[in-house]
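So you can see what is in the structure, the chains are spelled out below.
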Amino acid sequence: MTGALSPEPVVSLRLDRIQYGAHTALHDVVLDVRPGEIVGVAGHVGAGKTTLALAAAGLLGGAVPARITGTVRFSARGWPPASFVFASPWTQLTELGGTVEEEVAVGPENQGLTSGIIRARVDGAMGAAGASPLATRVPRTLSGGEMQRVALASALALDAPLVVLDEPTAQLDPSSARRIAASIRALAASGRAIILVEQNLDLLAELASRVVVLADGAPLATGDPRALLERWPPLDARLGTTTAVAERNAPTYRAPLVVTDDAPGLVIEGLVAGYAGRDVLLGVDTVVPRGAVCAWLGENGAGKTTLARAVVGLVPTHAGTMRVAGAVLDGLPVELRARLVGLVFQDPSRQLFARRVIDEAAFGPRALGESRTGALAMAREALAIVGLEGLHQVNPGDLVPQLQRRLAIAAAMAARPPLLILDEPTAGQDAAGRAWIVRALEQQRSRGAGVVITHDLTFAGRVCDFAVTIARGRVSLSRSDVPFGAAD
Amino acid sequence: MRRTPDVVGLGRAFVCYVAVRTSSSHSLPTLALALIPRAVALNLALGALAAALKLPVYLDSVGTIFVAVLAGPVAGMLTGAVSNAVLGILYSPQLFAFIPVAVVIGALAGWAARLGAFRSVVGAAIAGVAIGLAAALTSVPIVIHLFGGLTPSGTGIITIALRMVFGMSLTHAAQVAALSTDVIDKPLSCVLVALLITRLPARLTERLRTSPA
Amino acid sequence: MSALEHWNPLTPLAAATFLVVAAYAAPQPAGAIASFAVALGGAWVLGVGRRVSALALAVALPTSALLLTMDALVPGAPGIATHILALGPVRLDVTAVRVAMLIAAQLGAAIAAMGWVVVGVAPRRLTRALAARGLPAWAAYVLVASLEAVPEARRHAVEVMDAQRCRGLNTGGGIVGRVRALLPLAGPLSVSLVSESEERALALDARGFRPRSRRGTLTPIADPRAERVTRALLWWSSAAVLAWRIAVAWRGSAS
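Protein chains in written order, with the numbering used here: chain A, 1 to 488; chain B, 1 to 213; chain C, 1 to 255.
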């Protein structure tokens, strides 16, 4: 749009400086967003993207005690001035609604509207977000993808002219992410102004009409998304580039694995397992050779995570056998399998408890009987592998989620288990973070075997020797090469 | 990593805000409100953990004490009340009768925290003894007036035993019986909270250490 | 499906309050017995009889049984008691039996009456009805969100236990070891309590939630005139019974 013809901006940001305590999170941002425009925001982890999003939605200074120097001006007078969608599907529920449509109604209810108007807003918003079929469901029983649609509907029900989305697809599988993307496009077409923060550069390049790249708390560049994001070498190495460009310039095909060893890392034969009368795994046979890293692919709910949980002993098994590095797992209690298998769960916040990063990483070796000095040495080594060696004294709770995930990987690797399983390790990671996780898995090869449960095929292609697809409780497809970069 | 501040989550800053805001004024900001349901859940989760670990304590006030220490006595009292109300709704209405006990626990923990009791394990243990005493003394009149002096539980059987063996009056026996559980449970809960608080993100603990209120 | 779902939730609440007041403050034992009969009978009429009876009897029966046991085992004041049972050291006197029966009736009445609300009325509906009568948004939030958070609590505890056992934490063994295991288990729960609360608070802000404001509602709850009149009668009757009890107590202490 050209300046003379453009309508008035929906939001006008003139931010000199935003500080949390003594820490400056963002400075020198000038940004106007107009109706129908999708402004993408990209940047490495810690670049200030979320701060920018919160500021643009008028959410700083209230619950978030930030000091803002500068102005944020909204064209509309209503409150709240923006519809906001967060990354985490579940914690953005207000819990005030017992059903999906009640949850969607919370915003307009807060605005003190009458029942008739609330009903119209709810129906409209659920339609626009593709959440109408979920209307009578109980929110906490939804999948991540469904939940994120409900979150979008709940935000839209506020009827604000501005929609701000902070990594809305970070925790979704590819098909759910595409649905959200389609809704975003339709919203822009209907005249809303949109600010989209994304770690998924492919999505940004496809959707955004303009992109702001942040680095170290300030804009590095603003302009055409393709020009900025499809650049080689990347504008910012930590941020990376789109999948296609990365594949063209730095192909990630791995040399075929030469299996020289007849004691495989992981062997699963005829595994039947599940919870309370309902078997999820219906006869799984798979092998991960020693020195190899394998990807477990498949739709959500196909049984990938259940398989990982069965390996560590958290799911009752009814038939079959499992061996890691020659040792039989069957019948071993969970805490003894910890010597053989390190599992990093999707949500690292379920395990972090120590006062310092170094103690967190040393917990596993300590629990397995290492001396304190020995455990600390192992922890230091593991932290160095994932690039956290400078943060030994920091409280794990002070880390951003992406670093918490790397800490959890280090904590699992510290005890040097011959098998390491990572469940969705790249969610929300930038290029730099992914590179550290690749490094950790490379290290794991020399110690035994690795498994990655992922939707991120580019990542899988970069680090895995082969992939198996799990569907309906079985290994349905085994491939010696991962279809890198291909849309799934 | 280059510099620590880059990687420190902005979210932690909120917590300082609750600690300061709620201790300086009586209004509860949204964050303190959002803490309460989570604390009610923590009461239940720790009760379940104590049972799973087969520990001879309840630990079902840890969430209440935790919020009282973080966000002050008002939030603590509210957490206690809501916690028992929710249990009453979900399990049995008789638990409504013990709402005052939970409120006393929340209030005392909040006041003890303002006096700095939760800055050390010893202080927390002493606060726990006081809270246990107060909890027992609050529950006894409820047990006597509404239940005739006995609840169908371990405490009720201890009460009968005390009367038989030592010839105590009903009130005395009920008091001693109530104390016998609360005086172990509450100090352990308080010590646990003190340890948990030190594990919270650094900026918050600094704030708690530097501000007496 | 209970008949209660068609009423304004405040009506059963007022009725339950009246029954509790009657059980404890009306002339005894008539008040307690009548209230018990109405509360339990009413529960069956309203279609929640089975669960309400279970709740009421689960407390009233063991409590009165335990009271009788105590009275039988603990020697009372000699001379004044009229024993209805005397087997060696085991004696039961008439007053003790009367007291135990009264307590059972009062507990049964109170729990059955509150059971109407607890079993028959969805907490969210009750909260909405209270909000329509001026309950502030923050109070409604705290109650409803807490009920919502409880089913999650157990799941979180299990997830943390799973995660830490996968890292080698032993949750069995001696008492010292089990107490030590508390910290790695309670730690992630308390840290995520704080971080999750931050996210929830921000989400509330983002939806324009204001703790003191009056909110609208998607589905208003009907409040017919007949129910309003019934409620007014019930509230005034409760107040009258309480006033009578206070007056009696006053005169008793004055003389």
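Source of the hints: derived by calculation from the structure; they are not laboratory data. Certain hints may be false.
To be verified - In silico SDA-like pairs for lysine to any residue, Cα to Cα no more than 25 Å straight-line:
1) K54/B with L13/C
2) K54/B with L336/A
3) K54/B with P224/C
4) K54/B with E159/C
5) K54/B with R98/C
6) K54/B with E335/A
7) K54/B with A135/A
8) K54/B with G177/C
9) K54/B with D285/A
10) K54/B with A26/C
11) K54/B with T171/C
12) K54/B with A263/A
13) K54/B with I246/C
14) K54/B with Q393/A
15) K54/B with A367/A
16) K54/B with S2/C
17) K54/B with L179/B
18) K54/B with G172/C
19) K54/B with R51/C
20) K54/B with V229/C
21) K54/B with R133/C
As the list claims (entries may be wrong) - Residues from chain B that keep clear of chain A, each with C-beta distances beyond 12 Å, as calculated:
22) A34
23) L195
24) P201
Quantities reported herein were computed from a predicted structural model and do not represent experimental measurements. C-beta atoms are modelled at their ideal positions from N, C-alpha and C, and glycine is treated no differently.
The hints, checked one at a time:
| no. | hint | in the structure |
| --- | --- | --- |
| 1 | K54/B with L13/C | violated (39 Å) |
| 2 | K54/B with L336/A | holds (21 Å) |
| 3 | K54/B with P224/C | violated (52 Å) |
| 4 | K54/B with E159/C | holds (18 Å) |
| 5 | K54/B with R98/C | violated (39 Å) |
| 6 | K54/B with E335/A | holds (18 Å) |
| 7 | K54/B with A135/A | violated (42 Å) |
| 8 | K54/B with G177/C | holds (11 Å) |
| 9 | K54/B with D285/A | violated (38 Å) |
| 10 | K54/B with A26/C | violated (45 Å) |
| 11 | K54/B with T171/C | holds (10 Å) |
| 12 | K54/B with A263/A | violated (41 Å) |
| 13 | K54/B with I246/C | violated (47 Å) |
| 14 | K54/B with Q393/A | violated (34 Å) |
| 15 | K54/B with A367/A | holds (20 Å) |
| 16 | K54/B with S2/C | violated (39 Å) |
| 17 | K54/B with L179/B | holds (21 Å) |
| 18 | K54/B with G172/C | holds (9 Å) |
| 19 | K54/B with R51/C | violated (30 Å) |
| 20 | K54/B with V229/C | violated (53 Å) |
| 21 | K54/B with R133/C | violated (45 Å) |
| 22 | A34 | violated (9 Å) |
| 23 | L195 | violated (9 Å) |
| 24 | P201 | violated (4 Å) |
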